[in-house]
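> Going down the list, the sequences are from chains A and B.
The first sequence begins at 1 in our numbering and counts up by one.
The second sequence begins at 1001 in our numbering and counts up by one.
No wet-lab data here; the hints were simulated from the structure.
These figures come from a predicted structure and were not determined experimentally.
Please note that the accuracy of each hint is not assured.
Below, a sample of chain B positions facing chain A; criterion: calculated Cβ distance under 7 Å [stated by the list, open to error]:
| hint | residue |
| --- | --- |
| 1 | Pro-1044 |
| 2 | Gln-1100 |
| 3 | Lys-1105 |
With a straight-line cut-off of 30 Å between C-alpha atoms, the simulated DSS-like cross-links for lysine-lysine are [claimed, not checked]:
| hint | chain 1 | residue 1 | chain 2 | residue 2 |
| --- | --- | --- | --- | --- |
| 4 | B | Lys-1105 | A | Lys-44 |
| 5 | B | Lys-1071 | A | Lys-41 |
| 6 | A | Lys-44 | B | Lys-1108 |
| 7 | B | Lys-1105 | A | Lys-15 |
| 8 | B | Lys-1068 | A | Lys-44 |
| 9 | A | Lys-44 | B | Lys-1071 |
| 10 | B | Lys-1056 | A | Lys-44 |
| 11 | B | Lys-1068 | A | Lys-15 |
| 12 | A | Lys-54 | B | Lys-1105 |
| 13 | B | Lys-1108 | A | Lys-41 |
| 14 | B | Lys-1054 | A | Lys-44 |
| 15 | B | Lys-1105 | A | Lys-41 |
| 16 | A | Lys-41 | B | Lys-1068 |
| 17 | A | Lys-15 | A | Lys-78 |
| 18 | A | Lys-44 | B | Lys-1005 |
| 19 | A | Lys-54 | B | Lys-1005 |
| 20 | B | Lys-1071 | A | Lys-78 |
| 21 | A | Lys-41 | B | Lys-1005 |
Even for Gly, the Cβ is constructed at its ideal location relative to N, Cα and C.
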Amino acid sequence: EAGVTQFPSHSVIEKGQTVTLRCDPISGHDNLYWYRRVMGKEIKFLLHFVKESKQDESGMPNNRFLAERTGGTYSTLKVQPAELEDSGVYFCASSQHPVTDTQYFGPGTRLTVL
Amino acid sequence: DQQVKQNSPSLSVQEGRISILNCDYTNSMFDYFLWYKKYPAEGPTFLISISSIKDKNEDGRFTVFLNKSAKHLSLHIVPSQPGDSAVYFCAASSGAGSYQLTFGKGTKLSVIP
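All chains should be built: construct the whole structure from the sequences, respecting the hints.
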């Protein structure tokens, strides 16, 4: 069974540019989560999809971040325009059932904003 | 305001001995706790979990203990192996309509051969 995949693995952009991160969850997992780890800090929740619907987006930092999951399969997280403080590692996770099932994480996308 | 705290940034243990990693939490609504292990350049990998209705869960060399009154949990690894060297994250969720995981900052475990 393939795990959670994320693309790209690294992205270096300049302040003010736009970046789109992609996450492909484990097949059959309706629940998809985005998390972020800023250097030296804990991994923090950004949002949770159930299929194509946003269940909880309380962790999204501001309106420069837009997450989508059209069709309930893969998800994208767009940052526009990127700021220096957006640098960090963005993780995606998926689970079959939100309460009883473990969240399985992807390898992350390391975003560097210069 | 950190709701999950791992106060030891690092821990070194001799191979074959016991590793004990600690975690404290402040949110009384947390009812499900997990430990993840993370190698460099990889995502966190699930290790073991415990529900708040239990005080111990064991899986092979890994045991998690939960003390609800103290809001404390610990992960015991016995015996420790060099391959266990990684960063260990404690995480918690409340399950009360929100399934987000709240993580600690992690403890870097080094198992010395």
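> Each of the hints needs a verdict: does it hold here or not?
Checked hints:
1. Restraint check, Pro-1044 (chain B) versus chain A: the minimum CB separation of about 5 Å is within 7 Å; hint holds.
2. Because the smallest distance between the Cβ of Gln-1100 (chain B) and any Cβ of chain A comes to about 4 Å, under 7 Å, the interface hint for this residue holds.
3. With a cut of 7 Å, the hint placing Lys-1105 (chain B) at the interface with chain A holds, because the nearest CB-to-CB distance is about 5 Å.
4. The hinted pair formed by Lys-1105 (chain B) and Lys-44 (chain A) meets the criterion: a straight-line CA distance of about 10 Å does not exceed 30 Å.
5. Restraint check for Lys-1071 (chain B) and Lys-41 (chain A): the C-alpha separation of about 22 Å stays at or below 30 Å, so the hint holds.
6. A C-alpha spacing of about 18 Å is found between Lys-44 (chain A) and Lys-1108 (chain B), which places the hinted pair at or below 30 Å, so the restraint holds.
7. The straight-line distance between the Cα atoms of Lys-1105 (chain B) and Lys-15 (chain A) is roughly 27 Å, inside the 30 Å bound, and the hint therefore holds.
8. The suggested pairing of Lys-1068 (chain B) with Lys-44 (chain A) holds, with an alpha-carbon distance near 23 Å, which does not exceed 30 Å.
9. Note on Lys-44 (chain A) and Lys-1071 (chain B): the hinted pairing holds, with a Cα-Cα distance of about 20 Å set against a maximum of 30 Å.
10. With a C-alpha separation of about 26 Å, the suggested pairing of Lys-1056 (chain B) with Lys-44 (chain A) holds against the 30 Å cut-off.
11. With a C-alpha separation of about 45 Å, the suggested pair Lys-1068 (chain B) and Lys-15 (chain A) falls outside the 30 Å cut-off, and the hint is violated.
12. Restraint check for Lys-54 (chain A) and Lys-1105 (chain B): the C-alpha separation of about 26 Å stays at or below 30 Å, so the hint holds.
13. For the hint linking Lys-1108 (chain B) to Lys-41 (chain A), the alpha-carbon distance of about 14 Å falls within 30 Å, and the restraint holds.
14. Distance check on the hinted pair: Lys-1054 (chain B) and Lys-44 (chain A) sit about 26 Å apart at the alpha-carbon level, within 30 Å; holds.
15. For the hint pairing Lys-1105 (chain B) with Lys-41 (chain A), the CA-to-CA distance comes to about 6 Å; that is within 30 Å, so the pair holds.
16. At most 30 Å may separate the alpha-carbon atoms for a hinted pair to count; Lys-41 (chain A) and Lys-1068 (chain B) meet this at roughly 25 Å.
17. Distance check on the hinted pair: Lys-15 (chain A) and Lys-78 (chain A) sit about 14 Å apart at the alpha-carbon level, within 30 Å; holds.
18. The hinted pair formed by Lys-44 (chain A) and Lys-1005 (chain B) meets the criterion: a straight-line CA distance of about 13 Å does not exceed 30 Å.
19. About 28 Å separates the Cα atoms of Lys-54 (chain A) and Lys-1005 (chain B), which keeps this hinted pair within 30 Å; it holds.
20. The straight-line distance between the Cα atoms of Lys-1071 (chain B) and Lys-78 (chain A) is roughly 37 Å, outside the 30 Å bound, and the hint therefore fails.
21. A hinted pair counts as satisfied when its Cα atoms are at most 30 Å apart, and Lys-41 (chain A) with Lys-1005 (chain B) qualifies at roughly 11 Å.
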